[in-house]
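Trainee: Chains as they are written, first to last, in numbering that gives the first Met the number 0: chain Z, 0 to 619; chain Y, 0 to 619; chain H, 0 to 333; chain W, 0 to 333.
Simulated from the structure, these hints should not be mistaken for lab results. For clarity, every value in this text was computed on a predicted model and none was experimentally measured. Even glycine gets a Cβ: it sits at the ideal position worked out from N, Cα and C. Watch out, some of these pointers could steer you wrong.
What the hints assert, rightly or not - Derived CB-CB ranges, DEER-like:
#, chain 1, residue 1, chain 2, residue 2, range
1, Z, A498, H, V16, 32 to 40 Å
2, H, G39, W, G215, 40 to 48 Å
3, Y, T480, Z, E152, 39 to 47 Å
4, W, E185, H, G39, 58 to 66 Å
Here's the letter readout for the chains.
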Amino acid sequence: MAEETATIDERKKLEKVVIRFAGDSGDGMQLAGNRFTDASAAFGNDLATFPSFPAEIRAPAGTLPGVSSFQVQIADFDILTAGDEPDVLVVMNPAALKANLADLQPMGTLVINTEAFEDRNLTKAGYESNPLTDGSLNGYKVIEVPMESLTKEAVKDSGVTGRDVLRSKNMFAVGLMAWLFHRPLEPTVEWITAKFGRNEAVKNANVSALKAGYNFGITTEATKTTPFEVAPAKMAPGEYTTISGNLALAWGLIAASQAAELPLFYASYPITPASDILHELARHKNFGVRTFQAEDEIAAVGAAIGASFGGHLAVTGTSGPGLALKSEAISLAFMAELPLVVVDVQRGGPSTGLPTKPEQSDLLFAMYGRHGESPLPIVAAASPSDAFASAIEAARLALKYMTPVILLSDNTVATGAEPWRLPDLSELPDMSVRFAEGPNSADGRFLPYVRDPETFARQWAVPGMRGLEHRLGGLEKEEVTGNVSYNPQNHQLMTDTRAWKVANIANDIPPLEVDSDDGAEILLLGWGSTYAVIRAACNRLRKDGHKLARAHLRHLNPFPPNLEGVLRSYEQILIPELNMGQLTRLLRAEFLVDAASIHKTAATPFKITEVENRVMEMLS
Amino acid sequence: MAEETATIDERKKLEKVVIRFAGDSGDGMQLAGNRFTDASAAFGNDLATFPSFPAEIRAPAGTLPGVSSFQVQIADFDILTAGDEPDVLVVMNPAALKANLADLQPMGTLVINTEAFEDRNLTKAGYESNPLTDGSLNGYKVIEVPMESLTKEAVKDSGVTGRDVLRSKNMFAVGLMAWLFHRPLEPTVEWITAKFGRNEAVKNANVSALKAGYNFGITTEATKTTPFEVAPAKMAPGEYTTISGNLALAWGLIAASQAAELPLFYASYPITPASDILHELARHKNFGVRTFQAEDEIAAVGAAIGASFGGHLAVTGTSGPGLALKSEAISLAFMAELPLVVVDVQRGGPSTGLPTKPEQSDLLFAMYGRHGESPLPIVAAASPSDAFASAIEAARLALKYMTPVILLSDNTVATGAEPWRLPDLSELPDMSVRFAEGPNSADGRFLPYVRDPETFARQWAVPGMRGLEHRLGGLEKEEVTGNVSYNPQNHQLMTDTRAWKVANIANDIPPLEVDSDDGAEILLLGWGSTYAVIRAACNRLRKDGHKLARAHLRHLNPFPPNLEGVLRSYEQILIPELNMGQLTRLLRAEFLVDAASIHKTAATPFKITEVENRVMEMLS
Amino acid sequence: MTTAEYTRTDFQTDQEVRWCPGCGDYTILASMQKYMAGAGIPRENVVFISGIGCAARFPYYMETYGLHSIHGRAPAIATGLATARPDLSVWVVGGDGDMMSIGGNHLIHALRRNVNIKILMFNNQIYGLTKGQYSPTSEQGKLTKSSPMGSIDHPFNPVSLALGAEATFVARTIDMDAKHTGAMLEAAHNHTGAAFVEIYQNCNVFNNHAFIHLTGKDERNHNRIYLNHGEPIVFGVDDESCVVMRNGLATITKTASVGAAEILVHDETNVSQSFALSRLSHGPSGPTPLGVFVDRSRPTYESEVDQQLAGAHANKGAGDLAKLIRSLGTWVVE
Amino acid sequence: MTTAEYTRTDFQTDQEVRWCPGCGDYTILASMQKYMAGAGIPRENVVFISGIGCAARFPYYMETYGLHSIHGRAPAIATGLATARPDLSVWVVGGDGDMMSIGGNHLIHALRRNVNIKILMFNNQIYGLTKGQYSPTSEQGKLTKSSPMGSIDHPFNPVSLALGAEATFVARTIDMDAKHTGAMLEAAHNHTGAAFVEIYQNCNVFNNHAFIHLTGKDERNHNRIYLNHGEPIVFGVDDESCVVMRNGLATITKTASVGAAEILVHDETNVSQSFALSRLSHGPSGPTPLGVFVDRSRPTYESEVDQQLAGAHANKGAGDLAKLIRSLGTWVVE
Ligand SMILES: Cc1ncc(C[n+]2csc(CCOP(=O)(O)OP(=O)(O)O)c2C)c(N)n1
Ligand SMILES: Cc1ncc(C[n+]2csc(CCOP(=O)(O)OP(=O)(O)O)c2C)c(N)n1
Ligand code: SF4
Ligand code: SF4
Ligand SMILES: [Mg+2]
Ligand SMILES: [Mg+2]
């Protein structure tokens, strides 16, 4: 077959490569990126992706705000982030070039859809002269491709007409990249067939464009650049899939519902970047999942509280602005001691902020974002695949301790994707719930605030259970009976009890694991989506011979019991955060440790080098 | 006159005395307490009050939850709290006795309305035998008064009938206390006349009951106890009034509106204990004050934001649950950089909590209670009268720095009363606002995010100003232009700028004043309503010869610039708080100081002795 | 105990009832306990959910399951509970502030969705618990603590609002008429879907005599217009008055002055006509219709949820987690 | 520049308009800019306030004052602004989600209070900005991302809801009919008080053709029922159809089949009758009334606020702070 003409030996062997597809929102770049990613995953590469798209549904075609991009890093070893500067940049129009060129590696490869570089588009992108001809691309390896006419030509027999003709040009790009990186075409052809099977013309057009792109590579022998090769990654043996954080979180909730043997009730009001959790769960009604799209976030958390009172595993999901609206009701669930998982997929704030950009700036809000003394357990997902286990852990704590739990995800986790080694489902934690079984007082009544001596969780009795009728509410409760009480000593007791109940969870979570070199002087401590970049920075620094320790917190409240000891074992501590240093503040307050913070709120994840450089500064 | 028969010399001279009136909600105890307080104020005593009433409008008559009480401390020197254990307890029924007796000083004076001690009432209060006769009151000086028949007798010619007859018995109690403490009757008579003037019968009844109480004291020669005397206090010269915190806060807002020459717009949704601010402001429409009772707290803050956009001094007031609901909109005001004062009159939390009880547990919520990075200035009122100046300060900061400001009050400040030396109104701060005067860009446009180089406040242009049309919003703003921007560097810049703008306020607030003894080893640091108890504890400890320092924070964010220095000057720091140690957490995080915390959430203010004892422990 | 053996006291709790003496809430509580005793619903399947306010303390006094939640959110919480647990009998209780001020949005959404919950709004036209501010149902001009020169808010007509919000059942009754209250509770319960019942309730402390035109010995005979499905709408002493439709408006006239055929016949299934009836009074200051305005049928929200679950189950089989996590395609690393 | 000299471009901003090509929002924006150019209101006195959504980006494109606020809260913010500044012309713009889902409560309260704000709801029956979930005006059964088996929410009828909420002005128009849109904007502006205008708006990306029955070349002639005050309600080709009242219901029939006197005459001041008209359609799937449903007069909220301020001023004189702080009585310590 033609695909084989370029042999592996002629190709550049790379350990990893970062590719970015960029074009207009209408150019189908997300789809192109995803297809390429899946083909790479199937080929056995490790990978991590970072999609980026405008907050507008569709900003004007050809303009800078309209640029959409998708970055993927593929490697033959265990990688973590979508990478810093791309090695290869595919641009479909001048705006995409303008918005992305600064990130491309020096001497990086630039694949350009030349036909889009006509005057109107150049003006829209703010170019005064044509970069293709004015010498400004001299520092790069440019592959010029007349993608539109080639696509037109390729699809002319497929049966598509009008707009649909050029729609396939993203597949042309995927095909070309497949050649460049020696990806198989089959997974993509299969996908196209599954997706467009019913529309023969569109299917044919896409397959033809894909192959045309691949063939263009072969034919032109890559317009004189050498094709790249990334060998399959050495990943732990097992069965893998590629998963985004939102999907993993949704599936984790379903898994928790099965482990707890409780129906799942998910109430939400759509909001970027959390909506996909709702969409995903809505598709799985055969798992007994009820999704409720509420009139607003308050109604969503309210409905979840109602479902929790009714004995379901109740979850409500949102992003920052929605968490703000839920604050008062979460406080009710805290007082009523009802299990509830509150998912916050963080995005750039404050206010409406930057809805499609990553940020970790809701940690202190999760911690202190309620009036009165109302501490809650907080769990954070570290990566797309980790969202599965984090969701299960959040549900486990909520049910076992009869409390709302905040589960933090963020835009990077939620919309990024990575290979996920499928878990052994028989090893899900035991989460079976023990409902109250009968009256628990000498006089035959049910007292809702009788507590488990170990967890201090109160008993859960749900409507329908005969003889256990009781009333809950938001006024201070009398210990044991749960009656309304304004008694001063009781208020003190209950405040202490609620705080203690949450603090005590520290005894029920694994100690913080530290990946430490002997003689490490500096501890890199993270939480949430900085996991990938911290590990990557660590890997690089270690390759350079530096001795480091690295740990990542899944539990932000309470902290793992050994955290203080860990902190005191290192001379220096560095905490990278996509905020103004929120975990750092918590640790300072809690342990009086002078941890250093590297933080930013620049609507983008850390670059590995940013963390690396800071560590180097601290080491010197 | 009969009143003079007991001469001063025969009376016990006291420096201070604590009196508590307690009865059923329907017995008019708050009114009795207030009348007695005013009479004492007029007499020149310093005083502080602490009302306490059930959260129910009217819990069942005669029951414990129905008990309402009012405590006042009067003194001949500068006092601060309503006192710990009362010296004199007036009880109108068995429930009031049961609920309050434990607090009475050993050998304290107990004034009892004996006629209420019949079987039904005893049962309702949960007494199995009659405390009047079973010896359980042996440790007290009991003054038994058949108050009902005496009142009936006294008012029989006044013209009142039915229920109104016994309504006056609270005035009987006030009269008796007036005799006991040698208060003049005139202020009370005047007040009755002003209040009931139009209803001759009710007026007469109240005056007669009042005098009857006084005369009962004279006649029975205090049933053999010696009457008390508290000489007028030595207060700073000046004109005084007695003021509650809610009123002082409302008046402070009016003063700010005058100083800023902006109309005041107050939007609120009723909530205990903040409602009285709304009620008070609604009465002063002739000051150009607009009050808006919104459909909920979100609408209230929304309307205030609208009014602020329109150029008014906009304020929204609430308590904890309402602050939770306002969180998202406050974040909008923060992003739009619009001036706004948000008043939170804290109460016992979490959730609905203890709506009528004091607590300071919203500090961390005020600090961190918004998604994203959104620091706000926080100002807290230390006492009822201090609410006046605090309100002015909050408004000053909001207007000068174009930012929402959180003004914290609490139940103790809001509903307590104290003498207030009237300020010299000509010394209100200069708060005149400089609106934008015209286009501020080279091309003749108005750019809303052009900043003052000193305060970093952006310019304020309001609708109606020609040529200054502009758009604000909650998406991230581009520096200078205020256009929507998803640019990463800009987001970092704006996050930093907003944080810096607030941090910079530290240079515009007075340094923390420390009332320090030479050689003081321990610093007592407080904020909000603990002011009084901390001062009182300090006074006592100093009388015992201890060397102490004491300081009180009005600004919780940013802190006064000298705070770190102050903290580092003392070996030990003690922070009393009615929460679980929230200021302590802030200081630990900010300065890594190991401050000690004495805290409680027991629905009552600190007792002086609680603070005193803790200091003694630390000193030893 | 079987449901047939219930008496009123079986629905009383050990909590002292803490309303002001004379408050209309007592009467409504008694009507509810009486109704429940005879309703035949097992106590353990009944849930009362309320927000905050005097009225909202109701759940503490009903020996059933209950949740005294937060201000305004009871309809949302009840929606979640009823959707999760269609087997229960879910009742929502709240004041006019709770339901129509802060809770207005949840109320109208619960009504349009036709969640099978019974919403009782105790309308005393005042904020009781916070000691007397005007509410969204207070008449204009009302002097209260927050409106010392008179309220300027034009009030809602709760029946009109509910009808405009697609309610399938709307009724009005009054605390003092215990029999009628009981009948409305029964009708609400028998309706499959969201039921909204406005109950005029006297707050004798902060808004005494608000309903005097409907409760005064004399006035009530002139002003209570009882609606009965299929019957001509007549009222007053000896049915002296009646309602007719004139120029698209429901209008009161003397029965003697019109032919029998002209008298409007009440039709619970006709939303437009009932809306017109709701405009006869805007607050209880004159002749005011009481009874069921609308009772029509539409599938309940939770029944449709259940149907979709059952449908998905039938089509795809019980959820298989192992399959789900493989659904995007997998590959194996050896 | 005087207001007489305004042209449409004077209301365009320097911001690129960022809706999808073909979105109905463009048409409405053009209608608004055209209307504003001729309305005679000084630009600096005009304020557009919106929430969040595609529609809610509107203020960025109007060269007036503007506030792109947060989701659902625009009516509340506008209420504050209009109350503080009755001299301004305050417009609220939002989508069906913004106004009727999260913002439903503020909407109905603004309407009952009759705040002098003009509320334009761009109803595309979908959540556009969040990429296509069903909204409170989506038809039942709609397949969306969040309702893969079809939406089970019974939608609001926005006109009915507004009428039930005591609105003094309610109208409906459609993006594609720019002339009618302009006329509705003008009528809303001319109305003194809260005006609610539902504008059917095509979202060609997530809900294309939702209004095809009213915009399709052929269908529109059959389905647009234009309401005109004082005129009999006839529509269709050659006015072949008309509306009559039957058994309290507005009903469509053939014009030829009824006597002229029987045809319903539209009366903007009659809420009951207009409510009946609003029930003719529940979403734009057949004959649907367009035009002003109700336009009646009630004092505006802000005028009453101002009156109370003026009254207090007249009675008590200008506020005197020195007196105020002494109003509880004072004493002097020498
Ligand atoms: C979020 C919040 N805002 C305000 C309050 C204060 N609040 C409690 S009940 C109430 C209104 C009471 O009126 P209504 O609902 O009519 O009940 P009623 O007391 O008259 O029965 C208010 C404003 C609160 N508890 N929570
Ligand atoms: C508090 C909050 N919740 C949710 C969102 C997400 N969100 C933005 S716009 C929108 C709905 C958009 O629909 P609509 O109001 O009909 O406007 P359209 O985009 O269709 O014009 C939602 C749910 C948000 N921005 N803020
Ligand atoms: S305040 Fe009014 S509504 Fe509340 S309990 Fe008292 S009488 Fe009833
Ligand atoms: S998503 Fe729909 S409503 Fe939004 S801009 Fe695009 S076409 Fe218009
Ligand atoms: Mg009420
Ligand atoms: Mg929409």
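Trainee: Looking back at the numbered hints, which does the structure fail to meet, lowest number first?
Mentor: Going through the list in order, the structure violates hint 2 alone and respects the others.
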